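Colleague: Take a look at the letters that make up each chain.
There are 2 protein chains.
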Amino acid sequence: MDEVMADPIEKFINLYNQEFALDLKLEALHGKEIFEAVPQEHSHKVWEYINAEGFFRDLTVIPGSQDVIKALTEKYQVFIVSAGMEFRNSLIDKFDWLQDHFPFISWKNYVLCGDKSIIGADIMIDDRPKNLRTFSGERKLLFTSPHNVNLVEFERVSTWQEVAEKLL
Amino acid sequence: MDEVMADPIEKFINLYNQEFALDLKLEALHGKEIFEAVPQEHSHKVWEYINAEGFFRDLTVIPGSQDVIKALTEKYQVFIVSAGMEFRNSLIDKFDWLQDHFPFISWKNYVLCGDKSIIGADIMIDDRPKNLRTFSGERKLLFTSPHNVNLVEFERVSTWQEVAEKLL
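Listed in order, the protein sequences are those of chains A and B. First residue of the first sequence? That's 1 in the working numbering, and the numbers climb one at a time after it. First residue of the second sequence? That's 1 in the working numbering, and the numbers climb one at a time after it.
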């Protein structure tokens, strides 16, 4: 979900700039995790914001994800797998967000987990190399996100249009 | 989780008997789903109770599950997979219940899903034949629960002691 279907980075930057009257820009995250892009004394803010109730409830939808995933459901059995278990308060927010923005996917196909190595599927689209590395399926697509731009290990997709070109 | 590690049936019976001043007994559920064991005009109560916030928060732990699952974690990689996605309000209750009663299992190994066919594992212990039927792993253990007592399709375990004898 995060950084593939939903945009938590934009929300983090907005909250952070508002609290500290700063002007952190998306470009500063190139090749980095969020907590590496802020001064060390602010790195705990990442966890504070993300753990708060409601953080995941109103994230912006990543452009193209709705249309392309809808088309994918006509060709594939699509499951939405999120490693949201790290953040207890994210669970219901993620459920409600999916109901709002992806109403064409049943709750039967939602999976909230901690470690995605338990998932048995054929294709995985993910922004995290750790999830792709432990995936046993035949095809792994790395969805571009600031933290993974320097990685060359996987087949890369930078937009949902590229996903459509590869899978539809 | 439900009817294997946690006991929602006992709680349902208590709530139901309290609301209607009745004396529904566990034996009446033999070979039946809960909603089949109550008069038809009360069958919606099953969903009403189960959908309420807090229903899954204080369920009784199934005897033996803590000790045997702890021992299993020393021999296997154990994931707790619950099809709780059907009940939005169960998600955080289930998370908190696991933290309380199974503190030796990391949140990394929790999975809340709708359809367990997405799970890739070697052994599944479950009370629901539908979950075992779609499971691709090598061993399927049906954990006895009132609704499944007449089923002969799977290798059966009726207590956690039996699980220990088979898997430890």
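Misleading hints may appear alongside valid ones.
One copy or any two copies: either way a pair holds, since identical chains are not told apart in the list.
Unchecked claim - Subject to a maximum C-alpha distance of 30 Å in a straight line, what follows is the list of computed DSS-like cross-link-like pairs (lysine-lysine):
#1 Lys140 x Lys11
#2 Lys75 x Lys25
#3 Lys70 x Lys45
#4 Lys45 x Lys166
#5 Lys32 x Lys166
#6 Lys108 x Lys32
#7 Lys75 x Lys45
#8 Lys75 x Lys32
#9 Lys70 x Lys130
#10 Lys11 x Lys75
#11 Lys45 x Lys108
#12 Lys130 x Lys32
It is worth saying that the hints were derived from the structure and are not from the lab. All of these numbers come straight from a predicted model, not from anything done at the bench.
Colleague: If the cutoff is 30 Å on CA atoms, where do Lys11 and Lys75 land: within, between, both or neither? Let me know, please.
Modeller: neither (32 Å within a copy, 42 Å between copies)
Colleague: At most 30 Å between C-alpha atoms: does Lys108 with Lys32 qualify within a copy, between copies, both, or neither?
Modeller: between (34 Å within a copy, 23 Å between copies)
Colleague: I want to check one pair: Lys75 and Lys45. Are their C-alpha atoms no more than 30 Å apart within a copy, between two copies, both, or neither?
Modeller: neither (41 Å within a copy, 38 Å between copies)
Colleague: Using 30 Å as the alpha carbon limit, work out where Lys32 and Lys166 are close: within a copy, between copies, both or neither.
Modeller: For Lys32 and Lys166, only the intra-copy Cα distance (27 Å) is at most 30 Å; the inter-copy one is 48 Å.
Colleague: One pair to classify: Lys70 and Lys130, alpha carbons no more than 30 Å apart. Within, between, both, or neither?
Modeller: Both. Shortest intra-copy (26 Å) and inter-copy (27 Å) distances satisfy the 30 Å Cα cut-off.
Colleague: Up to 30 Å between alpha-carbons, please classify Lys45 paired with Lys108: within, between, both or neither.
Modeller: between (34 Å within a copy, 22 Å between copies)
Colleague: Can you give me the call for Lys75 and Lys32, within, between, both or neither, at a CA distance of at most 30 Å?
Modeller: Classified as neither: same-chain Cα gap 35 Å, cross-chain 37 Å, threshold 30 Å.
Colleague: Up to 30 Å between alpha-carbons, please classify Lys70 paired with Lys45: within, between, both or neither.
Modeller: Close neither inside one copy (35 Å) nor across copies (35 Å); limit 30 Å.
Colleague: For the identical chains here, do Lys130 and Lys32 meet the 30 Å Cα criterion within one copy, between copies, both, or neither?
Modeller: within (15 Å within a copy, 44 Å between copies)
Colleague: Indicate which option fits the pair Lys140, Lys11 if close means a Cα-Cα distance not exceeding 30 Å: within, between, both or neither.
Modeller: within (27 Å within a copy, 44 Å between copies)
Colleague: Checking Lys75 and Lys25: alpha-carbon separation at most 30 Å within a copy, between copies, both or neither?
Modeller: Neither: 38 Å inside a copy, 48 Å across copies.
Colleague: When Cα atoms must be at most 30 Å apart, do Lys45 and Lys166 count as within-copy, between-copy, both, or neither?
Modeller: Cα proximity of Lys45 and Lys166: none, with 37 Å in one copy and 48 Å across.
Checked against the numbered hints above, the structure breaks hints 2, 3, 4, 7, 8, 10 and satisfies the rest.
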